[in-house]
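*Asks:* Generate the whole structure from the sequences, applying the supplied hints.
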Amino acid sequence: MNEISLMSDHTENDAEILRALANGERSAFEALYRRHNTSMVRVASAILRNHASGEEVAHETWIAVLRNINGFEGRSSLAGWIFTILSNRAKTRVKRDGRTVALDISDQENNADEAFDARGSWKNLPDLWDEITPERVIAGRQIMEHVAQTIEDLPPAQRAVLVLRGQQELEAQEVCEILDITEGNMRILLHRARRSVRNAIEAVAG
Numbered sequence: 001m002n003e004i005s006l007m008s009d010h011t012e013n014d015a016e017i018l019r020a021l022a023n024g025e026r027s028a029f030e031a032l033y034r035r036h037n038t039s040m041v042r043v044a045s046a047i048l049r050n051h052a053s054g055e056e057v058a059h060e061t062w063i064a065v066l067r068n069i070n071g072f073e074g075r076s077s078l079a080g081w082i083f084t085i086l087s088n089r090a091k092t093r094v095k096r097d098g099r100t101v102a103l104d105i106s107d108q109e110n111n112a113d114e115a116f117d118a119r120g121s122w123k124n125l126p127d128l129w130d131e132i133t134p135e136r137v138i139a140g141r142q143i144m145e146h147v148a149q150t151i152e153d154l155p156p157a158q159r160a161v162l163v164l165r166g167q168q169e170l171e172a173q174e175v176c177e178i179l180d181i182t183e184g185n186m187r188i189l190l191h192r193a194r195r196s197v198r199n200a201i202e203a204v205a206g
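Numbering (UniProt numbering), first residue to last: 1 to 206.
Hints may be right or wrong, so weigh each one.
Okay, the calculated beta carbon distance ranges per label pair [stated by the list, open to error]:
#: 1; residue 1: Y33; residue 2: Q149; range: 33 to 41 Å
#: 2; residue 1: I63; residue 2: Q167; range: 19 to 27 Å
#: 3; residue 1: R26; residue 2: N88; range: 37 to 45 Å
#: 4; residue 1: I69; residue 2: N199; range: 34 to 42 Å
Don't read these hints as lab results, they were simulated from the structure.
For clarity, every value in this text was computed on a predicted model and none was experimentally measured.
Ideal Cβ placement from N, Cα and C applies to all residues, glycine included.
*Replies:* Have a look at this one:
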């Protein structure tokens with residue numbers, strides 16, 4: 001069987017992936033790992049407030065996924081199931097350490113940013129170059145590096161929501177359940193995270 005391709009447009013077939021994983025096909029796990037692991041570490045780190053602990057929980061989650069793959073019932077997306085396991089393990093560790101589980105959203109505004117619509121999408125995308133040149137290709141790489149750092153520097157709650165909703169493209173309900181937040185708070189966090197990313201793009205692109 002050919003290696004399963006897990007693209008960001010989510011065209012993969014969960015059933016096909018599950019069959020491959022159940023059959024012990026290494027390529028299926030490697031592809032799944034490449035797609036989700038960075039996001040998993042970011043979300044776990046946001047909950048735990050510690051990157052090293054986030055990496056440990058992501059590792060524990062992969063072990064749990066492989067051990068329990070046959071128990072996936074399809075009530076959510078495969079990605080949603082994986083991130084739910086991740087979130088539960090991170091919250092368990094927080095409780096074990098005697099800390100509060102809930103993400104801190106106290107610094108968030110209570111109104112949606114004017115740059116975004118009700119779904120958290122940009123009303124007007126940042127300006128794009130009309131002509132691609134080698135210099136602009138290099139600049140584009142610099143922009144992506146700057147955006148990646150901006151995401152890492154976001155407040156934990158914003159980072160977690162942006163990763164789950166914006167990068168992993170989970171449904172809003174799944175994101176709220178994974179992070180134990182209301183849909184209204186989720187939208188506010190997403191607005192602010194995307195505004196920070198937009199500002200980062202415009203600051204570098206000029």
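*Asks:* Now tell me if each hint is right for this structure.
*Replies:* Evaluated hints:
1. Y33 / Q149: 33 to 41 Å: Distance hint for Y33, Q149 is violated at roughly 23 Å.
2. I63 / Q167: 19 to 27 Å: Check passed, 23 Å falls within 19 to 27 Å.
3. R26 / N88: 37 to 45 Å: Since the Cβ atoms of R26 and N88 sit about 26 Å apart, the hinted range of 37 to 45 Å is violated.
4. I69 / N199: 34 to 42 Å: Hint holds: Cβ distance 40 Å, inside 34 to 42 Å.
The structure shown violates the earlier hints numbered 1 and 3.
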